[in-house]
Amino acid sequence: MKNFVLSIAASSLLLTGCSESKKKESEKDPAAQEAATPEKNTSDQKENAMYKELSKYIQSAEAEMEAIPSERKEELKKIADFVKTRKDSNKTANLTFICTHNSRRSHMSQIWAAAAAAHYGIEENVNTYSGGTEATAFNPRAVAAIERAGFQVVNPGVDNPLYNNNPHYEVTYASNGKILECFSKKYDDPFNANEHFAAIMTCSEADEACPFIPGADLRVPIPYVDPKESDGTDKEAATYDERCKQIATEMLYMMSQVEA
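Numbering (numbering that gives the first Met the number 0), first residue to last: 0 to 259.
Each pair of labels, with its calculated beta carbon distance range:
hint, residue 1, residue 2, range
1, S54, P160, 34 to 42 Å
2, E194, D233, 39 to 47 Å
3, P189, N154, 20 to 28 Å
4, S255, L161, 36 to 44 Å
5, K72, Y162, 34 to 42 Å
6, E228, G156, 25 to 33 Å
7, P68, A237, 20 to 28 Å
8, Y162, A259, 37 to 45 Å
Taking lysine-lysine pairs in the DSBU-like style, the calculated list, with each CA pair at most 30 Å apart, reads:
hint, residue 1, residue 2
9, K90, K185
10, K76, K90
11, K77, K90
12, K72, K86
Derived by calculation from the structure, the hints in this document are not laboratory data. These figures come from a predicted structure and were not determined experimentally. A virtual CB, placed ideally from N, CA and C, is assigned to each residue, including glycine.
Generate the whole structure from the sequences, applying the supplied hints.
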């Protein structure tokens, strides 16, 4: 019996020594350590990530930032400086994009500015809005263009007769990102910021008609050619896609300069 007990004890010591030896070997072996490390929970990162197709689009737009004309870069940097100043003061930078009808360029600028802020990690410091000198509707051709770029768009009020002529779309760039409520409105609509905001003029008509924007701390003109010029032609989709890409590239450049 005594020999039997001693045999068990010796076996136990042998197994313990073997286990300790393997543990020390695994500590020396990075591959073994990696295999032994529990997989990190990346669900939050995935939830906050841009939609896949939109991420690809952003990468292609960033590659075109160097081609932005220097005079436009100077105007975009003014807006970036405004955002940086507000951010450094722990204040939100409110950006209102203004065009005559608030139907195409101003909406695409609002949406791309929000996505660009998220892409560069300053989403919580920026709110984007849009408005016009008159209200019409977010043009479905412009809606289609941002969808082709990778944004997700829903119309929750599709059955609401109040929104028949001016749909209130919900636009998102990430599954857990901000939901942008996009509908046509005048720039001084209560839905928009009414003080300490930057007024960004996205069409020459509004720029000329509104030399002064009440409540704005900054007014910057960055007019875009209206894609409406191709409505009803075989170049319609291509024209809207071209304008969407131009606006995306410039909004990405603008936000990249906030921390530059």
